[in-house]
Amino acid sequence: MSTQNTLEHKIDKADLEGKQEYTITVYAENRIGLLNRIAIIFSKRKINIESLNTSPSEIDGIHRFNIVIHESYEVLRKLARQIEKQIEVLKVYFNTNDEIIWQELALYKVSTDEIAEKVTVERLLRQYGASAVVIRKDYTVFAVTGHREETDALVKALEPYELIEFVRSARVAIIKDSAGFHEKLKEFEAFEPGEELVENEFLEKGEKIFTM
Amino acid sequence: METAQETIQQTGAKAETSKTLFKGTGSQVLLNGLIEEGVTTIFGYPGGAIMPIYDALYDYADKLEHILVRHEQGGIHAAQGFARASGKVGVCFATSGPGATNLVTGLADAQIDSTPLVCITGQVFAHLLGTDAFQETDVINITTPVTKWNYQVTDAKEIQEVLAKAFYIAKSGRPGPVLIDITKNAQIQLEEFPEYVKCNHIRSYRPKPKVRVEYIEQAAELINGAKKPFVLFGQGVILGKAEKEFKAFIEKAGIPAAWTIMGEGAIPTAHPLNVGMLGMHGNYGPNVLTNEADVIIAIGMRFDDRVTGRLDKYAKQAKIVHLDIDPAEIDKNVKAEVGVWGDCKETLPLLTNLVNENKHEEWLAKFRQYNQEEIDQVITPELYPTSDEMTMGEVLRNINEICGGEAVIVTDVGQHQMVACRYAKFNNTRSNITSGGLGTMGFGLPAAIGAKYGAPDKTVIAIIGDGGFQMTPQELGTIMQFGAAVKILILNNRFLGMVRQWQQLFHDKRYSFVNITSPDFVALAKSYYIEAAKVDERANLRQALETMINHEGSYLLEVMVGRENNVFPMVPQGMSVSEIRLK
Numbered sequence: 001m002s003t004q005n006t007l008e009h010k011i012d013k014a015d016l017e018g019k020q021e022y023t024i025t026v027y028a029e030n031r032i033g034l035l036n037r038i039a040i041i042f043s044k045r046k047i048n049i050e051s052l053n054t055s056p057s058e059i060d061g062i063h064r065f066n067i068v069i070h071e072s073y074e075v076l077r078k079l080a081r082q083i084e085k086q087i088e089v090l091k092v093y094f095n096t097n098d099e100i101i102w103q104e105l106a107l108y109k110v111s112t113d114e115i116a117e118k119v120t121v122e123r124l125l126r127q128y129g130a131s132a133v134v135i136r137k138d139y140t141v142f143a144v145t146g147h148r149e150e151t152d153a154l155v156k157a158l159e160p161y162e163l164i165e166f167v168r169s170a171r172v173a174i175i176k177d178s179a180g181f182h183e184k185l186k187e188f189e190a191f192e193p194g195e196e197l198v199e200n201e202f203l204e205k206g207e208k209i210f211t212m
Numbered sequence: 001m002e003t004a005q006e007t008i009q010q011t012g013a014k015a016e017t018s019k020t021l022f023k024g025t026g027s028q029v030l031l032n033g034l035i036e037e038g039v040t041t042i043f044g045y046p047g048g049a050i051m052p053i054y055d056a057l058y059d060y061a062d063k064l065e066h067i068l069v070r071h072e073q074g075g076i077h078a079a080q081g082f083a084r085a086s087g088k089v090g091v092c093f094a095t096s097g098p099g100a101t102n103l104v105t106g107l108a109d110a111q112i113d114s115t116p117l118v119c120i121t122g123q124v125f126a127h128l129l130g131t132d133a134f135q136e137t138d139v140i141n142i143t144t145p146v147t148k149w150n151y152q153v154t155d156a157k158e159i160q161e162v163l164a165k166a167f168y169i170a171k172s173g174r175p176g177p178v179l180i181d182i183t184k185n186a187q188i189q190l191e192e193f194p195e196y197v198k199c200n201h202i203r204s205y206r207p208k209p210k211v212r213v214e215y216i217e218q219a220a221e222l223i224n225g226a227k228k229p230f231v232l233f234g235q236g237v238i239l240g241k242a243e244k245e246f247k248a249f250i251e252k253a254g255i256p257a258a259w260t261i262m263g264e265g266a267i268p269t270a271h272p273l274n275v276g277m278l279g280m281h282g283n284y285g286p287n288v289l290t291n292e293a294d295v296i297i298a299i300g301m302r303f304d305d306r307v308t309g310r311l312d313k314y315a316k317q318a319k320i321v322h323l324d325i326d327p328a329e330i331d332k333n334v335k336a337e338v339g340v341w342g343d344c345k346e347t348l349p350l351l352t353n354l355v356n357e358n359k360h361e362e363w364l365a366k367f368r369q370y371n372q373e374e375i376d377q378v379i380t381p382e383l384y385p386t387s388d389e390m391t392m393g394e395v396l397r398n399i400n401e402i403c404g405g406e407a408v409i410v411t412d413v414g415q416h417q418m419v420a421c422r423y424a425k426f427n428n429t430r431s432n433i434t435s436g437g438l439g440t441m442g443f444g445l446p447a448a449i450g451a452k453y454g455a456p457d458k459t460v461i462a463i464i465g466d467g468g469f470q471m472t473p474q475e476l477g478t479i480m481q482f483g484a485a486v487k488i489l490i491l492n493n494r495f496l497g498m499v500r501q502w503q504q505l506f507h508d509k510r511y512s513f514v515n516i517t518s519p520d521f522v523a524l525a526k527s528y529y530i531e532a533a534k535v536d537e538r539a540n541l542r543q544a545l546e547t548m549i550n551h552e553g554s555y556l557l558e559v560m561v562g563r564e565n566n567v568f569p570m571v572p573q574g575m576s577v578s579e580i581r582l583k
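Protein chains in written order, with our numbering: chain Y, 1 to 212; chain X, 1 to 583.
No wet-lab data here; the hints were simulated from the structure. The C-beta atom is built at its ideal place from N, Cα and C for all residues, glycine as well. Please note that the accuracy of each hint is not assured.
What the hints assert, rightly or not - Calculated pairs, DSSO-like style, for lysine-lysine (alpha carbon to alpha carbon, straight line, at most 30 Å):
(1) X:K244 <-> Y:K85
(2) Y:K78 <-> X:K313
(3) X:K332 <-> X:K227
(4) Y:K78 <-> X:K335
(5) X:K359 <-> X:K335
(6) X:K313 <-> Y:K46
To be verified - Over the 10 Å line for every Cβ pair with chain X, so calculated as not near, a few chain Y residues:
(7) K19
(8) N36
(9) Q82
(10) P160
(11) E189
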């Protein structure tokens with residue numbers, strides 16, 4: 001898989017033991033109950049899921065989970081293997097934030113009067129790249145797509161101006177160095193795993209491994 | 001049906017179906033499927049939501065033997081005993097609600113000990129799901145953490161594919177329990193069914209990783225360079241049916257091998273390279289020398305905390321080679337220098353080819369030295385006690401002398417379990433059946449019943465404590481009705497012995513609720529028309545054991561043993577394996 005070949009992922013001791021944000025990408029069959037099977041792998045170890053998104057993937061019939069947790073590399077590796085062990089899971093990747101492109105969507109409901117009256121609010125919205133989704137007499141709903149810090153910053157900025165309601169979606173992420181799952185799927189569908197299917201990736205890559 | 005087609009797609013089973021259609025109910029097609037999978041024996045208990053399956057079973061009495069247990073927990077433990085003794089998939093039936101929840105302990109036990117099971121539970125009608133109907137429980141969600149796979153069938157057309165998948169998943173790769181929950185409407189649904197097709201592929205499931213030769217080479221290089229190599233083996237050798245391959249490996253490389261209690265019997269107790277048991281109550285040498293070995297080769301074992309003791313003081317000097325079929329086990333508890341992923345049936349012969357012939361005489365002599373010390377200080381006093389009180393060890397010694405290592409020994413959990421594992425002799429694989437990972441008291445009696453069906457030509461002895469026996473005594477009724485010739489040996493010390501031992505050693509002898517009384521076990525057995533006797537004097541022990549073992553049919557023998565005997569050696573919890581205590 002080209003993902004592993006091109007990636008220069010430095011792991012030092014601090015990385016192994018220190019906690020940081022990881023995004024897990026799970027390719028799985030679309031089956032009732034699988035979400036629970038995956039979720040209990042985290043709850044069994046008392047690990048909080050910061051964000052979870054399920055969506056279709058680039059392949060018809062195969063679903064993709066994005067799970068964000070704050071843990072160490074060592075813990076991630078073990079979790080990934082436990083998830084990949086589930087019968088309906090095809091493959092699990094986990095990445096640090098610099099290895100992925102990711103977005104979250106946030107919606108903000110504010111009083112229309114406040115915005116109309118206070119120019120600063122309008123400026124704020126421009127500054128944060130917000131777009132108006134709904135404008136009514138009583139309230140306006142804005143949407144912002146971006147990283148957590150960006151959507152958070154707007155919440156903070158809107159606080160003095162009657163932020164009526166706020167909601168943020170789970171994270172969706174694309175792995176920078178991934179060539180997609182089509183080739184991998186062919187290997188999975190083959191009765192006999194081919195030479196390409198390197199199950200022992202972790203050991204092969206030694207220090208440079210970033211997926212399992 | 002969309003779901004049925006999807007399952008076919010996922011199993012990779014050939015979609016073209018034979019023209020010979022079978023017209024019948026979901027229940028009938030389920031039973032036909034079980035027969036196709038080679039099932040002969042089912043342990044179960046009927047109830048409302050599984051009645052259509054039982055109704056169909058009425059006509060299958062000549063093909064499927066159904067053992068009516070006395071409690072669903074007994075049913076699943078029996079299925080476990082059957083699977084462990086026979087190497088086949090154990091099958092049990094239970095109804096919805098309480099029937100299904102009673103399976104949970106057995107599922108957890110089978111999951112942690114990698115026992116292949118297919119459990120079928122009835123469920124309320126599909127249209128009643130989520131209405132809190134009578135005897136409705138969310139069995140799928142309750143059992144998710146304790147099953148390798150589970151599935152709820154709501155349409156009879158799914159049954160064949162799901163059953164085929166269930167058997168394939170249960171027995172392939174690292175085995176485990178599978179549960180199929182079938183709603184009542186699917187059981188009675190009348191359909192035309194195609195021919196049953198066994199499953200041999202699921203696209204999202206890799207039962208075993210592909211063997212990579214470079215890791216075998218790296219492992220061989222480490223082994224060939226080792227001065228003090230040490231093999232630790234677990235149940236993986238037995239589950240992989242790789243006993244011969246394993247023996248060939250250790251014999252060529254001349255490496256001492258020690259077992260986890262789940263791996264016991266994979267090679268005969270008397271094998272010169274078998275140096276004994278690992279872990280908390282294991283042998284002296286294997287524990288101490290774990291911290292002296294330079295290369296440790298772990299085969300089909302998972303470095304359970306009862307084996308490793310304190311992890312940060314465990315084999316820090318050694319380079320670890322870990323062979324396992326489950327990638328999640330490698331580097332889970334102990335970091336491996338070389339991880340050899342794969343089925344040991346395939347990896348061991350490759351490794352054997354590459355390792356040099358060796359003897360390691362000096363290193364082996366060290367094990368013998370420690371063994372002698374253990375014999376003098378622990379084993380001889382246990383097997384040949386001088387006090388009036390009988391010991392569990394001397395009972396085991398007598399069993400060894402009578403059975404010569406040919407019996408299947410099923411144990412419950414506690415002191416007697418540790419003593420049985422330490423002292424029982426085994427000539428054959430699949431002879432030691434015990435609840436290893438979960439430590440389920442109450443496992444012994446029902447598992448022994450199952451083991452007798454799984455190994456009908458063997459003498460099956462259930463060794464059980466007075467505490468554990470009182471957890472599942474109802475299965476005496478199953479023996480009474482179906483006549484499984486199980487020899488039940490109760491080692492009665494009138495205490496919950498293992499907990500008492502810990503309270504003595506670590507809680508200032510504050511014996512908190514370990515003083516357990518027992519009924520008249522002999523009278524109890526006799527009330528079930530099972531022959532029984534009690535021994536409280538050494539003079540009668542041998543004769544009583546011979547009577548039990550030679551008796552045709554089931555027999556219960558209660559042996560009164562010393563009240564406050566402790567199992568030693570012992571690695572106290574939180575201590576290193578090299579800090580093992582002999583007393």
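Hint check results:
Using a Cα cut-off of 30 Å, the hinted pair X:K244 and Y:K85 holds, with the two alpha carbons roughly 28 Å apart. In summary, the hint linking Y:K78 to X:K313 is supported, as the alpha carbons are separated by about 21 Å, within the 30 Å threshold. For the hint pairing X:K332 with X:K227, the CA-to-CA distance comes to about 26 Å; that is within 30 Å, so the pair holds. Between the alpha carbons of Y:K78 and X:K335 the distance comes to roughly 12 Å, so the proposed pair stays at or under 30 Å and holds.
The hinted pair formed by X:K359 and X:K335 meets the criterion: a straight-line CA distance of about 27 Å does not exceed 30 Å. Of the supplied pair hints, the one linking X:K313 and Y:K46 holds, its CA atoms being roughly 26 Å apart against a limit of 30 Å. Remark: the non-interface label on Y:K19 is consistent with the geometry, its nearest Cβ contact in chain X lying 19 Å away (cut-off 10 Å). For Y:N36, the non-interface assignment is contradicted: its Cβ lies about 6 Å from the closest Cβ of chain X, within the 10 Å cut-off.
Its closest Cβ contact with chain X, about 5 Å, brings Y:Q82 to no more than 10 Å, contrary to its assignment away from the interface. Taking the minimum C-beta to C-beta distance to chain X, about 45 Å, the non-interface status of Y:P160 holds against the 10 Å cut. In this structure Y:E189 is not separated from chain X by more than 10 Å, as the shortest Cβ-Cβ distance comes to only about 5 Å.
The structure shown violates the earlier hints numbered 8, 9, 11.
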